[in-house]
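Asker: Sequence:
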Amino acid sequence: MTQQFSSSLALSLLVFVTCSEAALTVKVGDQVVLKPGPVTGDITDIMWKHNEDIVLEWDGAEVTYYKQHLKGRCELNNRTAELKILSLTLEDSGSYTAEVNRMVQSPTEVLVLASVPKPTVSETCDPQEDYCTLSCDGNTTGTGPVTYTWMSGDTEVSSTKDYILTKDAKEPSFHCVLNNTVSSQSSEEFHNRFIGNYQMLWLLVLVPILFVLGIVFYKWKTNTGTKTWGPGTSAETKVL
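Mapping of the sequence shown onto mature numbering (1 follows the signal peptide of the UniProt record, and there is no 0): residues -22 to -1, 1 to 218, in sequence order.
Hints are not guaranteed to be accurate.
In the DSS-like style, the derived pairs of lysine-lysine whose C-alpha atoms are separated by at most 27 Å in a straight line are [stated by the list, open to error]:
| # | residue 1 | residue 2 |
| --- | --- | --- |
| 1 | 62 | 27 |
| 2 | 45 | 27 |
| 3 | 45 | 62 |
| 4 | 13 | 49 |
| 5 | 96 | 45 |
FRET-style restraints, in silico, Cβ to Cβ [stated by the list, open to error]:
| # | residue 1 | residue 2 | range |
| --- | --- | --- | --- |
| 6 | 151 | 41 | 45 to 51 Å |
| 7 | 187 | 132 | 36 to 42 Å |
| 8 | 55 | 142 | 19 to 25 Å |
| 9 | 55 | 122 | 25 to 31 Å |
Calculated directly from the structure, the hints in this document are not laboratory data.
Where is the CB? At the ideal position from N, CA and C, for every residue including glycine.
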């Protein structure tokens, strides 16, 4: 009984290891080479499946294609049974299994993801403009899970999609980085409006002050540079 249980457990472990899936994550437009695993002896026939559908068969003489959307994008190596798929699309995601010499091989899970777009930064502020919310925007259809990172120069300031910008922020500008497993893109620099507002406020205060000071200096300079002479005197007359 114990020996039978041990044999069953060993068989279960063997099936688990043999049927465990390899996983590949690739980008739309890239190519992938699917390997069936170790094959002993001469290869006499090959069949590849995508999920439950037959992709192609090789009977030792010629290749027959069944999935038309892959025809023209597949290359079969009949010496190794490897399958190369070119110009990958989102529809190519799924489980691929080879059958070589009538023996089913371990499946390979392929996940095709779209590249993330170049993100844009949008800004919304409260009515009093005490704070603003910066949002990292981009169409993430087909990209799978994405992450967001807010940077100021080379310093990370946040790892959320939205970043709350307050008047206390000293950074002059920000940009967001959009990532997924196969790609990364950064937005253009976005200026910190609060630093700009403070600079404008100083200008509004300083310009009138400088203007008034300029007028005062001009009048003082004019008065000190002009002499007043009495009646019947001239610049050449000496007063005794």
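Asker: Compare the structure with each hint and give your call.
Answerer: Hint check results:
no.	hint	in the structure
1	62 to 27	13 Å, holds
2	45 to 27	10 Å, holds
3	45 to 62	15 Å, holds
4	13 to 49	19 Å, holds
5	96 to 45	34 Å, violated
6	151 to 41: 45 to 51 Å	56 Å, violated
7	187 to 132: 36 to 42 Å	38 Å, holds
8	55 to 142: 19 to 25 Å	55 Å, violated
9	55 to 122: 25 to 31 Å	29 Å, holds
Of the hints listed earlier, those the structure fails to meet are numbers 5, 6 and 8, in rising order.
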